[in-house]
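Protein chains in written order, with the working numbering: chain A, 1 to 622; chain B, 1001 to 1598.
All the pointers check out, no bait thrown in.
Listed next, with one range per pair, are the computed distances between beta-carbon atoms:
1) T30/A - G1329/B: 21 to 29 Å
2) M518/A - D1399/B: 29 to 37 Å
3) E576/A - S1381/B: 42 to 50 Å
4) Y380/A - P1301/B: 41 to 49 Å
5) K528/A - P1476/B: 41 to 49 Å
6) S182/A - P1067/B: 26 to 34 Å
7) P1301/B - P432/A: 50 to 58 Å
8) A1309/B - D511/A: 56 to 64 Å
9) R454/A - D1399/B: 23 to 31 Å
10) N45/A - V1243/B: 48 to 56 Å
11) P1205/B - R186/A: 54 to 62 Å
DSS-like cross-link-like pairs, simulated, lysine-lysine; straight-line CA separation at most 27 Å:
12) K68/A - K1132/B
13) K296/A - K1157/B
14) K1553/B - K1583/B
15) K495/A - K507/A
16) K1583/B - K528/A
17) K296/A - K1168/B
18) K1132/B - K296/A
19) K495/A - K1529/B
20) K1585/B - K528/A
21) K296/A - K1167/B
22) K296/A - K1108/B
23) K1583/B - K569/A
24) K1529/B - K476/A
25) K461/A - K476/A
26) K569/A - K1585/B
27) K68/A - K143/A
28) K507/A - K1529/B
29) K461/A - K1583/B
30) K569/A - K1435/B
31) K1585/B - K461/A
32) K1553/B - K569/A
33) K1435/B - K495/A
34) K514/A - K495/A
35) K569/A - K514/A
36) K514/A - K1529/B
37) K1108/B - K1168/B
38) K1529/B - K461/A
39) K495/A - K476/A
Source of the hints: derived by calculation from the structure; they are not laboratory data. Glycine included, C-beta positions come from ideal geometry on N, C-alpha and C.
Here is what each chain is made of, one letter per residue.
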Amino acid sequence: MITNRVYRRFIPMLVAVLSWCIAHLLLEGTLYRYEASPYDFVMRNVSQQRTDPRILLVGIDDKTYEDKLFNRENHAQLLLNLKEHGAAAVFMDIVFDIDRDPDIDQALAEAVTENGRVVLATSLELSFVETEDRKTRVLGLAKLIDPLEKCIADGDALPGLINTFPDADNIVRRAALGLRSSDMPRPLPGPALATQAQLSGLRLSDLEFDRKTGRVIAPPLTIPTHHQDNTTEDELMGRELFTLPINFLPPATGPDASQNPHALTVVPYWALLDPDSPLLEQTRGAIVVVGDNSSKDTDVYPTPVGPMKGFEIHAQALNTVLTGPYQRPVPARLTGLVSFGFYLALAIGVMRARTKWSALAVALGLLGAQVALYVLAFTYGWQLQILSPLFGSLVAMTLALMARLVLTASVLERYVPPEVVSMMLSAGRTRPRTGVATVIVTDIRGYTTLSEGRTPREMLKLLNEYHSVTVAIYEKHGGRALTYQGDAQIIAFSKRGRNNPAANAIKAALDMQKAVDMLRVHWGLISKSDFDVGAAVCTGPVTIGEIGTTGTGRAEYTVIGQTVRQAHKIQSLSQEVGHTVLLDEETLARSTLSVHVEAFERTLEGSDRSVKIYGLRGISRQ
Amino acid sequence: MPSRSGLFLGCCLLGIAFSFLPFLNRLELPLYDLRIESMQQLEREGVPRHPSIQLIGIDEATAHEFPDWGPAEEARVGANLAQAGARGVLLLRGHDPVHEPPLLAVQKGTGIFSQGLRFQGPTGELLPDWDKTLEQANELPTGSLDFLTDPDRVVRKAYLALDLPGKKEPLPAAALLMFARLNEVPESDIHIEPKGIHVGSIYIPTAPDHSIYVRVLSPKTLDLHNMTQDVTREYLTPLPAGVFLKRDSPIYHFARGRIFLMGEFLYQATDQVTSTLGRMKNLQFQACVLDTLMGGWYLQPVPTPYQLALLVFFTLFAASSTGGMRPFGATLVLASLAIGLFLFSYWLFTRGWLLNITRPLVAAVLASLLLKATQLLGIMSNLRKFGGTSAFEAARSLDESHLNVVIEREATIVFCNLPDLLRVLEQQDSPDYFKRRQEFSVLLNEVAMANRGIVLDFQGDAPMLGFGTDQNRSDPLHAYHGVRAALDIVSLYVRLCYLWPDVEEMDLLRVRCGVATGPVALGQVGARKSKLAQAAIGDTTNVAARLMGAARKRRLDVLVTATTQQRCDNRFDFQAMDPIPLKGKAEPVPVAFLGADV
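Chain B on its own, in the form it takes in the complex (with noise of 0.2 Å):
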């Protein structure tokens, strides 16, 4: 049996080790989804997209007015916005730039424009294709529109840069053109290093891969019912890319300084993203990249020594203050802990820090389930150990009714008097005693056990055995094993002695049994609802109690009844005395002994 405290720490130590089991990252994509969410509902109506940033729609609306819609349309737009005095137009490519190259010229002409391409496919890898297609569109700034799709098909971060086989540079992302081009930072102040972004004086961290967390915003133009809604800045609203080609439309008053988007805007399952809020286009997706580095929220993952050691105390904490607890309570206190840990990693998500909370959550609830188990193991040896087994019978079958059966049926009992010298110890209230105490009745449950019987009352100066007492397993050797028992008991002297050497008066470690075999009432005895103890009652008893007594005036190891004898069928050599007259008894009761000191 491992230690108490061995066991605590095995319980944590298996909730964390289980907590890095990797399928449990799939359950920190929709906690991270919360926060997200939190965000969005809990900033002050809503998180307000940055007013930099403008999308122009290439929309049902745009394709019903202008059917012939190409690339000569959008660099008329462009030039348009060039002379409102737009900072950039980033084209999200819909069609091929592989196959009108010429057309990017025109685009080029008008001196914002720059592109973004996408070169993974859906699963993630390179498209075989991409050094052509960027050979090709070489002649506007490229950039790649790329994202990473995690294990739920959810997006939830981009990649700032794109590291390309073969190439020393990474490719950086359409976003991250467009960003220094807010920012007034030429292109090639762009410097992309393994742990983070350099973007003139303003530092990005990104993770090895290049790819940050994208704080996205409502996308609730897909929402078809709230078209006709105004257009406003917190939601990722496109405007229809037609009315731009008007050179004296009233929207151009707004375009100085700013940053547009533009890109297919089609009523179709195209070029869509699934993000945290929902469904978005491309377009929109890269507005929120935009967004999130315009918002200065580099959201990243809090140090792994911090995780680890977060870890590590929330489980122990957890654990142990839900340790003594009864389950209501340790529910509750487990609830509260857990909301606790939710509101503290909103608490550093909102200033950029990422804590994963399965893990500790997870080793938490884990480690405190472990050690309710253990502790529901402990608390049934218990009652099999303190209440028998009528009463681990009752909880169970989940039924008290157990508590209350009674039955009467033949069962031998043994009284064995305590060593002479725990009565010594006990006068002199020796600090031994207790100890010595608890020695010796292991000694007799160790007899009881082996012979198929229990210890029915530790207490008192003499200890007493039932068997075939237990009220569920019937044994019909009871008086066999009752002798058998008696005869182990009177042998315990042998055992004591080495046991305790200190002893010098070897006498007082003689053990004499008085056994009674007859009919018993076998039940649980006392108040109901407060203290319950086996009992086994009757008149049998009470002539083993007097027996015992017997044999240790008369000095005679085990005496036992006719009855007794009678029911062990001469498998012992009983020596017949004459029958001895007992308190209580108005006839002398016949009985037999084994061994006697000479």
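Excised from the complex, chain A in its bound form (with noise of 0.2 Å):
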């Protein structure tokens, strides 16, 4: 009994440990891949992102190009024009790799040079290179013309990797700061970070990647990124990326370009070749960012927000750095503990729950809670998963509830038989059977002189220890114990399949007299009129069914008839006629046991005929 309640005391436990493993040891995986739904959707509805109203999008467009102005003179002419105004730092998102008039090229060069806040793009790209018998893959970063590598060389400019990393599902969420490679000599940093060098004066060699922690250091600035990510890793050929999660603002360029405040400001490349243009008057301290804007279908990438075009996701995650918060992922462990919590929660708050209506709320409410914590924790740049603990919260609500089912059952059957509990789940309420059975009713003779002097508690464990027996002798032989009245019991043998309910009966109340010889004894009694139990065995029709109430309130499910109360009244003359158990006529004929009886004939009570009773002296062995 002890282990007993020991161990149901651990099944909330148990469910909540069963719910955990499920989802996040078998489903964590799966539902990982849909992780990107809900992150995508607080993005765009919940989280707050501040804006850096100092980064201005230079956006080559449509216009520009058809009127030719897109070049390297003008390219210089910008550079030229921005630094007489005052820009804090530039992005070209433009990648100079083709030599064209060596002139314009110097000239594009020493603009950069005379600028001094430039940041220029180099991407990765897939180059071959032939050994002996084959040619193998290899990447590598695209070579710029030799006057701007001679910039970067001499530290007038910073190179930035321009390369978006999308996930699996082709959308872009985070940036890279970085890339490391044994065979560069110092990590490469992204555009965004590579601006932020920019506008601190740091040079290449002041950016700190710590490969133990993810932290991307660049005074004053320290970035907590994820560095170790393996499906980047795979595709960079063993090269480490540090990369940064954007907190998106809605696009200010692409197909869905929003006039959102939020939103960073976007002006036109042609405006600002003029030296006199009053728009340059805008770019005093500010942040800019060149690229291509044209309404084509080109350098759009898909992001959380919509679509919208490679240079203004650099400058997104150029803003993601100024202004922070950082997103970083919460640790797998927490994520896990914080889970485990919930679903210990909500085990013990459905399986103790008094009434439905708080069941459901208990349910509804940590649900809810569970939802509120990742939103909260996103706004402050805490990356929780929700779809497994969700669904693992699912899967402990489910798991409770059915524990509970089988808990309460278990518990009803100790009060109907188990065939009722069956009947009950199946079709929700008992019908009355009516039908031939044979019924024991037992009563113990000198009750009350067995109760005196013996306080009610002692009684009631006298009468327990009494029924514990005597209750599992009428079970082994078929039979089901239906009522307690007190002292007296009422037991049905019912036919089920071959069985002969009347032999077993006659059998059971034989062994029921030893029991209670035996009890006698271990009570420390003498005299059977200290202790003896009076039984009578009848058969005939009876109703078997629940009496009380339909609604609430108390009912019991018990055995009636003109055959119980007939048995009620032969047992109430065994101490007259001298035997402990009593059979009637139909017993005797029905039981195919060879007995021995003693015949008497008697009228009972309330009745004028006169019935013939049996008084059983025993069975012959076969």
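Combine both chains into one complex, guided by the hints.
Rendered as structure tokens:
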């Protein structure tokens, strides 16, 4: 009993552990694929991002292309204009990797040097290296035109890696802050970090990339990144990326460009070429990002907030670096622990609720709390998982519900027979059944004497011992104890399969007698008058069913009918005729046993007819 | 309380209704993927690519060898292929046809080129300058390369034709043009209708938007570590375009009668499609579209009436077969039904029928779960009914020791006799007996509950009621409640007269009560493992039973002990009488009564 109690106490814990295993060990990988949906939803609707007003997008738009203004002379002019009007930093999202006119290229390099705050785009490309027998693919950096490579080497400009690294669903959610590789002298920063370095007047060598902690340090900023990601590592052929999730603002470019006040400001490229343009005044102290903003389908990448142009993604990454908060994942252990707490609370809540409404309130409240926690953590820059915890909660609720069903049914089985519990489960209620059955009615003789000198508590203990011993015997012979009336018991034996209920009842009554003798010894009583049990075994039509209430209140599952009543009356004669077990005529007729009986004829109370009753002496062993 | 079948149907209906919630459509997508993946893996050695389709990738190797690769080189490849007897080349435009019209003429000169263009942007809307593009690109046969992106951003369907605003005829897909060419059907014989497309004598059923599901093949080529593997036809591995520039390349021996798809294949995140089997280049995806058409596997949704019938049947079947089961058995049955449904849908899938299995699964699971929840509520109320509050607490608190608790306290026990009518009916074995007995028990229960008591025993000649006998709820006014309940029981006489109007002998309906107050032991009596009952044991119980007998004999309505009278604080007009001797009691017991037959 004690182990049983301990084990039951641990059921909510068991439910929580099982839910945790299902949600986190079995399904986390699968659900992780869909984790992006709630992330994107919160990104679009809930999170309140801050916009750095210094960031200015300079878009090379359709008019610029049509007027053929997109060329290196104009780039140089733009850089000089920006220098003159005091732009804080410039990022050119244009890869200058093909040599054109050497004079123009030189002029561009001079403008870059003159400006002094420029970040130049560079990208990773696959190239082929021929060895003796075959070509192998090599991932390397695009080589910029020589004058610009010299600018970078001299420290007059910084390179910025412009590759985007979309997730498995092709959506860009994070920006590369840096790339580290054994074949490069030092890690290469992404445009956002390089621009930040230009703002703070840092050199490439001032940037620190900590492999152990994943921290990127660009004084005064320390940015936590995810630096180990298997998917990218695989694609990058062993290189390491330091990526930062971008806190996306509504797109200012691309097909979904919005006029949202939080969106970044875009000005057209051509409007800044004239050194006297009034628009240039706006660039004072600004961080300028120059890139393609044509209405065509080029350089557009899907993001959680909608498709946007590549240069805006870099600008948004820069905005995230400048304003924060830096999104970082909550450690898996902590997520697991918190989720486990929720599962446990749900299991306890559902299993211990008194009413359905309190169970429902607890369940909905805890589910809501999980979602609220996710959103709250998100706004503070902590990425929690939500799908597997929510799924785990549903599993925990279902398991708790099922466990409670099983436990409740198991307790109910102590009050009504298990087959009736099954009937309640399948049909929702019980129906009275009428049929022929054998009924034993027993009563303790000398109950009054027995209770004298004993407290009610002791009496209850005594009765429980008596019932436990005798009911086990009836059940062994296929009987069901249906009702106790204080010291009296009513046991029904009904026909099931090939058994003979009358014979079984007789055997049970005899065994019960032996048990009573043993109990008497056990309790230290001597005389039969101190403790004995009279029993009547009658066979006839009975109704077995539920009496009491249809709604709330009390009910009893019992057997009633004339046969039961007759058994009561015959039992009351047992002392008079001097037998402990009496049979009626029907029982004797139906029993296939060879029994030794003594016949009597008596008139029962409330009836005129006399009936034959038989005192049982024993059965012959066959 | 709704009827059982009503409850069953309600749960099933709720499950079915819930399964139509739009967000559940998302669940069907991974199940679709599972079927595609199973097909790729279960079919012997994977589904092979149709041998007539070859891919040419303009990749880094090509760019390395021919830094100025452009339309002129493509035209040379086309000329070589034409000479070798290829049926056609589909050029996936990586560059802008609008700005390079003269080069189209070069390609046209080879006689086998078609071009594929995208008309939709990443959001699925038509690009603003689609008509200009189409107009200027008209010199080569042109088809669309557009596909449908599902809400999870995976591409599973491609358009076989694109409805363009202002155009009468939809624009056929590039893959459809190639399919016609492989089957030697002239383009004029492609008839596009809302329900399907006729390509000569071949009919391809499509959705109303002209889209079809694409049976994608494994895009192993993007796995860079496996690049040096053999180029096998099972996978979508393109040959580097540079190889085709050499006129004497052995590759031309395989060109006869084949279709070539040529497009960008650089290691960049450009022109990519996220398919069921992973990310691939649009070049590969278009090959899959063509392969789907060549394979004749035109996946269509199972017609709605059949889907609905299956949904209803599956839900009802699952709910009814798990209805009466204990949770463990029900879980096993549901799991096997789910596996069976998936296997059935997979069988249909390989035969070109797409069955929505999320809906039946969700509806069945939800209906079963709801039924289990209602069962739990039913079982919980039954437990309160049959076992009382202690049993309920034992189940709720997961602690069976509640069943062992015995409390000794003062309580009031009321015994009443059954109406004599019931004795008569039972004697006659009347079929009415059970019904009337039940009616009487219900009345008794109402009286008990109205007075904060419970019926401890319904069985036998004398039902027993307890006041202040609930282990979990004490009642300081138990004597008052007991006496009031006894009076209520006596007055049941009037209600019984109405309830059973056929009874002529009214005296048969009289009920009389004995009430005793004193210490009793409250607890569960019986065999711990198999049969328990609530009990109030003690001398008080015996006295109450004897008083009931005495009341009957003396034709008194309610006979109470002196203790009861005392506890009631003169709230009732008790009439004094002499102490009466009771069986088992040495001394006569002091009593009082309320009401008597005159």
